[in-house]
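Protein chains in written order, with our numbering: chain A, 1 to 263; chain B, 264 to 460.
Source of the hints: derived by calculation from the structure; they are not laboratory data.
Ideal Cβ placement from N, Cα and C applies to all residues, glycine included.
Hints may be right or wrong, so weigh each one.
[What the hints assert, rightly or not] In silico DSS-like cross-links for lysine-lysine, where the CA-CA straight-line distance does not exceed 30 Å:
no.: 1; chain 1: B; residue 1: K427; chain 2: B; residue 2: K399
no.: 2; chain 1: B; residue 1: K448; chain 2: A; residue 2: K101
no.: 3; chain 1: B; residue 1: K448; chain 2: B; residue 2: K431
no.: 4; chain 1: B; residue 1: K444; chain 2: B; residue 2: K431
no.: 5; chain 1: B; residue 1: K357; chain 2: B; residue 2: K369
no.: 6; chain 1: A; residue 1: K157; chain 2: B; residue 2: K444
no.: 7; chain 1: A; residue 1: K256; chain 2: B; residue 2: K444
no.: 8; chain 1: B; residue 1: K413; chain 2: B; residue 2: K431
no.: 9; chain 1: A; residue 1: K157; chain 2: A; residue 2: K93
no.: 10; chain 1: B; residue 1: K427; chain 2: B; residue 2: K444
no.: 11; chain 1: A; residue 1: K101; chain 2: A; residue 2: K157
no.: 12; chain 1: B; residue 1: K329; chain 2: A; residue 2: K93
[Claimed, not checked] Stretch by stretch, here's where chain A covers chain B in the computed footprint (C-beta under 8 Å, at least three residues):
no.: 13; region: 372-381
no.: 14; region: 386-399
no.: 15; region: 429-436
[To be verified] So, partial list: chain B residues that the calculated Cβ filter (under 8 Å) puts toward chain A:
no.: 16; residue: L292
no.: 17; residue: M309
no.: 18; residue: G310
no.: 19; residue: S328
no.: 20; residue: L332
no.: 21; residue: Y367
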Amino acid sequence: MATETHSTEAAANGAEHAEEGSSLVFHPMDQFIVKPLFGDGPVGTFTITNVTLWMALAVLSIILLLVVGTSRRAVVPGRTQSIAELAYGFVYKMVEDVAGKDGLRYFPYIMTLFMFIVMANMLGLLPMAFTTTSHIAVTAVMAMVVFLSVTIIGFWKNGFGFLSLFWISSAPLVLRPILAIIEVISYFVRPVSHSIRLAGNMMAGHAVIKVFAAFAALLAISPFAVLAITAIYALELLVSFIQAYVFAILTCVYLKDALHPHH
Amino acid sequence: MATETHAAATDAAHGAADAAHGATTSVCLNEYGGAIGMPQLCGEWMGNQVFWLVVTLVVIFFVLSKIALPRIAGILAERQGSITSDLAAAEDLKHKAVEAEEAYNKALADARAEAGRIVAEAKAEIQSELDAEIAKADAEIAAKSAESEKAIAEIRAGALEAVKEVAKDTAKEIVAAMGGKADAKTITSAIGTRMKG
Chain A
1 MATETHSTEA AANGAEHAEE GSSLVFHPMD QFIVKPLFGD GPVGTFTITN VTLWMALAVL
61 SIILLLVVGT SRRAVVPGRT QSIAELAYGF VYKMVEDVAG KDGLRYFPYI MTLFMFIVMA
121 NMLGLLPMAF TTTSHIAVTA VMAMVVFLSV TIIGFWKNGF GFLSLFWISS APLVLRPILA
181 IIEVISYFVR PVSHSIRLAG NMMAGHAVIK VFAAFAALLA ISPFAVLAIT AIYALELLVS
241 FIQAYVFAIL TCVYLKDALH PHH
Chain B
264 MATETHAAAT DAAHGAADAA HGATTSVCLN EYGGAIGMPQ LCGEWMGNQV FWLVVTLVVI
324 FFVLSKIALP RIAGILAERQ GSITSDLAAA EDLKHKAVEA EEAYNKALAD ARAEAGRIVA
384 EAKAEIQSEL DAEIAKADAE IAAKSAESEK AIAEIRAGAL EAVKEVAKDT AKEIVAAMGG
444 KADAKTITSA IGTRMKG
């Protein structure tokens, strides 16, 4: 995948790259460049870019899976409908188990996040693809939305009782102020770890694949490089799903804290 | 890191190349369109990403909450409903089957009892008829044998007379042939003594 991306870049300045063909050249980060789909102009806020394209494809995939796939409403489901029901049941059960029954009213929001992340991650594994979830700007917005939402829900549902989340009543009284400081810090670090975990995982995997792809140009180690790409690709498939799952389940955990702040 | 290698390599290789070729449109790109550092940290592109992300999430949320999720929930509920009703129907049918089996067993037992009764009746009837016939036959046999005995006695008496007669005649003839003269009275008494003896 990375080689193709590389070749598109190379097409723009092919001659120069061909000259340096003797030395090994890595462009592992070029696959993350945001560029306009039409023309070569600057990237403004509303420019239609590869971000737009791959997010639109994610939306399309979700519609195909969850809307078109279930359009027959079969009592005995077909293949696509089974996957749609599986995804629904998976997230529904996760919200119910982690956040509790009263967390279920937020199920559509968590389902939205989960479906978007899992689809964007999977689509990002296609050759030539752009991985929208590898960008910290994207994951940070989602993490901040989750952070602000659960904080607002926490205060709205519990009033100032929400602050008891930081006051661990099961700990000895002397330790409580110290623990409260740690809890507050960890609470505010949540969106950071929440977003960097996803973006970092996606970026690292794709960059590593691309580095191995560059090694594949050397005849002596190309079989090893191709094997390594295959292995990492398999790992990345797993990571794509697991990171979406982790993002969703952490959202549920934060939601649980907001709904039931008392330890 | 790899990016630095790249940047250094490109700088070295293309330092002299004409800058116009690599139409750089961003502060995050070098003159050949390659990334400078991490594209993730390029502030220039973040607005675009955030805007399209928000659009995407809003679209997905409305598609999910208005169409997909209610539909899937409906499908699952419908399936649960049909499973429940099917189970109830199966339970009902099971009850019916048990009832039918009981009725069958009862009918079978009744039929057995009835058959037993009929057999016993038939046996008793046959037995009484048989007894009557045997008694009748015994009586007939007794009558016949009495009659036969009588006939045998008659025949026996007749035969004795005939023997006496033949003996008398034979004796008379023998005596006559021997030159004697037998009177009837003597012969008769002699034969009577002999035959008694």
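Cross-check of the supplied hints:
1. B:K427 with B:K399: Violated - the C-alpha atoms of K399 (chain B) and K427 (chain B) are around 42 Å apart, more than 30 Å.
2. B:K448 with A:K101: violated, 149 Å
3. B:K448 with B:K431: Holds - the C-alpha atoms of K431 (chain B) and K448 (chain B) are around 10 Å apart, at most 30 Å.
4. B:K444 with B:K431: Holds, at roughly 13 Å.
5. B:K357 with B:K369: Distance of about 18 Å is within 30 Å: holds.
6. A:K157 with B:K444: Judged against 30 Å, a Cα distance of about 170 Å means the pair is violated.
7. A:K256 with B:K444: violated, 163 Å
8. B:K413 with B:K431: holds, 27 Å
9. A:K157 with A:K93: This hinted pair holds, its Cα atoms lying about 23 Å apart.
10. B:K427 with B:K444: holds, 19 Å
11. A:K101 with A:K157: OK: K101 (chain A) and K157 (chain A) at ~15 Å, within 30 Å.
12. B:K329 with A:K93: holds, 20 Å
13. 372-381: violated (count 0)
14. 386-399: This one is violated; 0 residues, fewer than the three required, reach chain A with a Cβ under 8 Å.
15. 429-436: violated (count 0)
16. L292: Holds - the Cβ of L292 (chain B) comes within 8 Å of chain A, reaching about 7 Å at its closest.
17. M309: Holds. Min distance 4 Å.
18. G310: Given a least distance of 4 Å, the restraint on G310 (chain B) holds.
19. S328: holds, 4 Å
20. L332: holds, 6 Å
21. Y367: This interface hint is violated because 36 Å lies over the 8 Å limit.
Consistency with the previously given hints fails for numbers 1, 2, 6, 7, 13, 14, 15, 21, ordered from lowest to highest.
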